[in-house]
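The task is to assemble the complex, starting from two chains supplied on their own in separate frames and drawing on the hints.
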Amino acid sequence: MIDINERFSEKKNFFNRLIFVYIFFACLFLYLIYKTFSLQVSSFTDYEIASLKNKTREVLIQPRRGIIYDRNGEIIVNNVPSYNLIINPSAINDLDSTLSDIKKIIDLSDLEIKNAQDNFSLKKKLNRELILKTNLTNEEIAKFEVRKYRYSNLFIAERYTRENMYPYLFSHSVGYVGSINEEGLQDILSSQDLKPRETIFKYSNGYLKGKTGLENIYDKQLRGFFGKRIYEVDANGRFLEEKETIDSIDGKDIYTSLDLTAQQVAYNELNNRRGAVVAVNLENGAILSYVSSPSFSVNDITNGLSQKEFNKLLNDNDKPFFDRAGQGRYSPASTIKPAIGLFGLEKDLIDWQYTIDDIGFFVLPEDGRIYRGWRKDGHGIINLQDAIIESSNTFFFSLAYQTEVNELIEYLSNFGFGKNICLDCFYPDKGLLPSPTWKMNTHNFGWFKGDTVNLGVGQGYLSATPLQLAYYSSFLANKGSLNNFSFVQNNKDVIRNNFITNNIHDVDWKKIHESMIGVIEDPKGTAGRLKNLKEYIIAAKSGTVELVSTETKEDYKIIREIEGNRDHAIIIAFGPMPNPKYAVSVVIENGESGGSVAGPVAIAVLNSLIKE
Amino acid sequence: MKKIIDSLKSGIYFDHYLFISITILSLMGLVFLYSASDGNATTVIKQSFFVIFGLILMFIVSQPDPDFYKNNSLIFLIFSIILVLLTLLVGKEVNGAKRWLDLGFFTLQSSEIIKIALPVFLAAYLYDKTLPISLLNTLITLALIIVVANFVRIQPDLGTSLVILIAGLYVLFLAGLSWRFIGVSFGIFILSLPFIWNNFLEPFQRQRILTLLDPTADPFGSGWNITQSKIAIGSGGIQGKGYQMGSQAHLDFLPETETDFIFSVIAEEFGFIGVCILLSIFFFILLRCLYLALNARDRFCRLTIGGLSLIFLSTIFINLAMVIGIIPVVGMPLPFISKGGSSLLSFYLAFGIVISMATHKKLMQK
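Protein chains in written order, with the numbering used here: chain S, 2 to 613; chain W, 278 to 643.
Do not rely on the hints blindly, as some may be mistaken.
As the list claims (entries may be wrong) - Sample of chain W residues facing chain S (criterion: CB under 10 Å; computed from the structure):
#1 467
#2 468
#3 507
#4 514
#5 518
Claimed, not checked - 16 Å max Cα-Cα, derived EDC-like pairs, lysine to aspartate or glutamate:
#6 W:406 / S:11
#7 S:126 / W:529
#8 S:54 / W:529
#9 S:56 / W:529
Hints were generated in silico from the structure; no laboratory data involved. All residues carry an ideal CB built from backbone N, CA and C; glycine is no exception.
Just chain W, same shape as in the assembly (with noise of 0.2 Å):
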């Protein structure tokens, strides 16, 4: 009997930290939509499925070898690439926004796939470069990055295209990325803001921006999500108003609750001291990628999980910064908490790739 659970234990990859974490969060989450959709029942059992799946998902993925998704990575960008060209032509239009494929059973957000699949093949691009990165191999990398990310802020998208053009700079400065080359480009970006503002930001992506600057001054116009969210984190106080009596999110004061602003709900209802609680889970599941990073069995792993972890930094760091009114209202959801079945698979796919790259030693090494 204990040969047998000994032969599965070593036949099975598995990172009890990152998973149990990952539950945690996941099952908060569910407590905190559950008040976020002012009790909606169907919203959080659709939710649960996710959740179910995604942790399942996350086994699976975390099993096979790294070299699997090193070799196969090409396969995989391509194939998102099509998803994402898919939902340019025949996605489902909410808002004006077309980043939908309606799959039937499920509503699938291409971007949230490609977000995943670009950091992977840059990975697996540059793992094996000589150092420093070469300008030819940055040049191709950066153009496939451009490229992508543009395929998503033309849905538009610009909250998860501005994700992409991170993750893939990300694998890059992992990499190896020059500092000279750095300094360059970080200049002719600062001296190309103006002409990025007017010429590839839509106007109301402008009227965001203006509006963060003072959000007082049009209290009911385009001011009113990030003032009301203000009101409804600041109006939790140190102990919050407790579960469901947060009158911000319930009397429909606050916006899209469910997903953008789930946060101000938690900080509206649980506090600082809930604001502290959940930030230390998120700390605690970046902390391990890193250590997980540092200690990897190659490069290519260690630029996988390097990227991935990060993605899921900046996502959060996005979304935070987003209700709190520091940087512009662009749709980002919190990971594993916020409604939205494409963006939690995607971090549970994400989160399963890091585990295997983790788990998996080189035979050599043995």
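The shape of chain S in the complex, shown without the other chains (with noise of 0.2 Å):
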């Protein structure tokens, strides 16, 4: 035992030790309370809006796309409502006597109810809709409808499909739509302030964007904004209450200056051949008819296509996704022959009365080559007026030897060549106006006296899209004066184009018109066959593109066995006459003659333009 003094010094050391641990823990508890307070007081806002996060989820809710029409206020690109049948699995405990009930009434094939029951325990967890049925029919609907009081967890909603109620006509201009990659989404959203996330469709195909044409180009317009719809949810994202909601805005209708009417003209005379036709409203530009052939259903591109007929679509030798109106490049041949003219009268090379003797060829004096005409004894006697009607070559083989290439150059991109002239075309091609510059650069190769002969028949390295030959048909009809081509009616980003002359009158734009009212009225005219199948007069120029350069006809004879060997038939117009307002171009792949084979196309075009 301890005695009495030990006793009492060890009382006031175990007292020391005790009110040591004491304040030690005491100095501990403060640090708490300041933790605890700094949690709840300094820093309340931050934590009351983690907590408000943590509890709040946002929806959003797809807006629905606007649609597309023609001139004339014809619907191009519709969205066509779908049925979908949809359960609510929280409040459904057995799903096999469900599906067993629903199969009642509609039929559920094993893939759906496959589905269903992989699906149905997670969407119940979540508190989410599961779709068990799509593209309910009128039939299933009406069955369902009158039983509805007995199925108080199964309703019918409905989900869109992007529509083009003419899947061939418009492929290549207003184009299709389809699904879209994470990045994509992400853009999208972000320009709209919001981030990827669940998402309420509406749409059965999920997101869509705007893939080509049209539907690409205005993809902002048509889209519209996401709404948000904001629920209460517990820790595992389960749907508790529905907070808010803050509606979609529907993206905006396109008026187009389509026509359904031409359109429809357009791609029945192309009848699947390889080419394109492009037709405009000379007033202010808009394109009222824009085909490429042969084409493809875009419903299939963006309702599904199995990969199988995807892939034949994609390796067809004809190419149906490739845009010939707006990206084949096609010389221009004897279409260009009316511009060459003009440069002759610009620079006072030539004048009306000018003639040459027309032999059927043309003797290249730098090294006597030879540079023949379609006809072989040639045209005698000829002057501008004539040789635009009879097409001769010789004429503008001479005119062209006469020119300064660069300005020659300069002058054809006043009519668009080597230009992008459209302000809403998908990914235009701008065709190739080669300059000795171009040659040096990419065939490391000086510029002939040769090439610039050939440049005044439109053969040799000079080309053009089907695009900006109408344009060049436009910019002669009008005189020289022109909007941007666009897509859209009263588009207010049109520019004005306007030829810069000195030496250009009224008068000469007069002559022009009526040489090339000469092509089809004229007996000597290169597309007199045309003469009766309108009722209304045209002028038009055709030509004929050389793929292979033969000596005689009969070297052409063994050269067209070859279908791809043959010449495109390629032509421009524009009417009616004396007061043009439409203008079109056409350009048939092989078709051989400018003339017979690509002018009645643009004449069924014009026609049906100008009856409406």
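Okay, structure coming up:
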């Protein structure tokens, strides 16, 4: 045992130590209280927001895409409703008995049942809808509607599919929509200050984005704005209560300048031949018809096509996906002649009285090389007007020979060659307006005088798209004053292009028009066959694009055995004269004769537009 | 009549300060638990039985003379060690941890019993040793503490084993462990920290410590609990969101709301004001214990009251520090509030002993 003194010192020792521990802990507790205070009072707002963020979940509401109309208000692309059968798994305990109940009125395939069984528990846990069956028939909808009272957890919801009413007609102009990858989605949503998250879809395909054509160019307007529905959720993301809905804003409708009838005529006239038609309204540069042939069904692309069918389209030799109207490059051939003639007049190299003796060919003085016309014996003594009507090559060879090539090229660019002349076309090609610099850079070869001579008849390196040819045609029709092309009516961004000239007067334009009228109306005209296809006067210039150079008609007969070697048929036309309202360009690959093959297509399209 | 009451009073050992404050705390606990368990009446009724039984147990335990505990402390210790060993052999396994003994009517967490038995034994062992405590006695005591704590650690129950270790060390410290020894061993402890880190901690325990250092690094993994707990506490603000209105607690963002993280629920629903009220009751109990320890009749009583009250204090501290995110998540209930019979009963038991030590005066002193 310990004695009294020791007990006293022990007590004091204990006292000190216990107090020491208590003080130690008191300090720790003060720190805890300080920490709690800083959480609850100083940082309250941050944590309140974090707590609110925890328990709310925003679900996006997909907007409805705008409708696309033709210039007369006919619907081209619409949102067609389809009906889906949907269950609410959270309110269902026994899926199998529910499914067998449903099967009494609506047939479910094995795949649909399996899909329902696979997703049921997750959707139930999260309190989400489960789509049982898509695309219900009217009969199924009717059957369900009468018995609706028996199925409290079952309902039918509307979903849209994006459908082109004329799936083959507008494939290259209006284009198509498709699903979207994660990155693309992020871009779209961040442009609307949103983050990718769960979405209530209005389309059965999910997120949509314009992939080609106007659907792509005007994607932003057509798309609209996502809405939001705010739910209270638990930690598992289960929906507990709907708090607020901010409706989506539907996309804007687009009124295009396309003309359904003209488009149908052009498509039917091309009749699946490889080629393109572009027709425009001269007054405002609005594109009325834009067809590339052969075509494909945009609805198939948007709403599902098997890989096999897709590959078949992709590997088709006729390349249906290729937009010949905006991206196909063709030599303008003889259609260039009016422009060359204008250049001759501009530079005073010729006048309307100027003649040459066309003996059937032109000899290049530098090296004696022979450039042949299409008529073996030539056209005799011939002036500019007749040279256009009869399409004398020799006249334009010799005229081109006299030009300074860089001046000529600059002049031609006024007519839209080598330029993008469309405001809202989908990746339009600029064609090729060659120049000595270009040739040196790409072919590492100097420019020959012979290249200039070839330019005079639109052969050689020069190439243009049917869209550019339509612009060129319009430019001639409008006497050098023309808006940029656009697919929509009253496009505010259009620019009027005015031809800057000192030497071309109204009388010259009239003469050009007369010459081009003569192409059809004159007995010697190259497109005389078109005369009886119309009730109006129409100006035109046909062309035949040589793909293989041949010396004689006999040689051509040999090479034309292979279809791909045959000449392309090409024509530009405008009318009705004398005050033209519409211009058109037609290219038919391997069609051989501009006047008689491409010509009727152009006339048919103009007819349909003029008659309207 | 008055005589009967007087004689009853003189025969009954009762500290109404502790009894009332603990009863209030227990009742508050039931109220909190009802919200924390999402209005689960069964849980609250079950807990109520433990509270009633616990209060009765506390009363009964406070009646015997401290000498009873002093003389039987070794038996208590051996009995509870057997329980712990038994748990290791035939215990019920939950989430990979064997901590519970299934007694049919009740699953006992045996480490909760030894948490009380060890300090009582140590007090009984050390109370008559001369000061300063000899190195031999120090080493014997330390060895015992480490062995017992280790039994619990391998269950594994790191939280409780830490409390046992701390409890043992408190008694040793209060009994007069030499300062020199403390200094030397503290130095050794610091130096051996890397060794402990590599050899004594399970990977998940290491992860918890790492998470604590930067909970945002992995908010949906191991940092989730701490992050959500902080959001719950912080979003409670000054006044709280209201009873049963805590979105963090009721929408399942907060884990273990009935046990480890019940404080977060209280803080979310009752705010800083609620936290302060709760903590003042804890402080009151602790200050009362301090007073009782200082006025206890002998060294054994002082050591026991001091040791047990410090266990209570440490448990509260570890729980709060854990949910606030100052220390790693170790699994520690909030005394008298968290769900769990064993923990609850062990503290009634502890305070029963404390009351016994404080109320029995030596006949000699009367």
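Do the numbers back the hint for residue 467 of chain W, that is, is its least Cβ distance to chain S under 10 Å? violated (18 Å)
Between residue 126 of chain S and residue 529 of chain W, is the straight-line Cα distance small enough, at 16 Å or below? Judged against 16 Å, a Cα distance of about 14 Å means the pair holds.
Holds or violated: residue 468 of chain W as interface residue toward chain S, Cβ cutoff 10 Å? Violated - the Cβ of residue 468 of chain W stays beyond 10 Å from chain S, reaching only about 22 Å at its closest.
Is it true that the CA of residue 56 of chain S sits at most 16 Å from the CA of residue 529 of chain W? Cα-Cα ~10 Å, so holds.
So if I understand the rule, the pair passes when the alpha-carbon distance is 16 Å or less; does residue 54 of chain S with residue 529 of chain W pass? holds (14 Å)
Would you mind confirming whether the straight-line C-alpha gap from residue 406 of chain W to residue 11 of chain S stays at or under 16 Å? holds (11 Å)
Measuring from the C-beta of residue 514 of chain W to each C-beta in chain S, is the shortest one below 10 Å? holds (5 Å)
Interface hint outcome for residue 507 of chain W [beta carbon to chain S under 10 Å]: Because about 6 Å separates residue 507 of chain W from the closest Cβ in chain S, which is inside the 10 Å limit, the hint holds.
Restraint: residue 518 of chain W near chain S, CB-CB cut 10 Å. Satisfied or not? With Cβ-Cβ at 9 Å, under 10 Å, it holds.
Of the numbered hints given earlier, the model fails hints 1, 2; all others are met.
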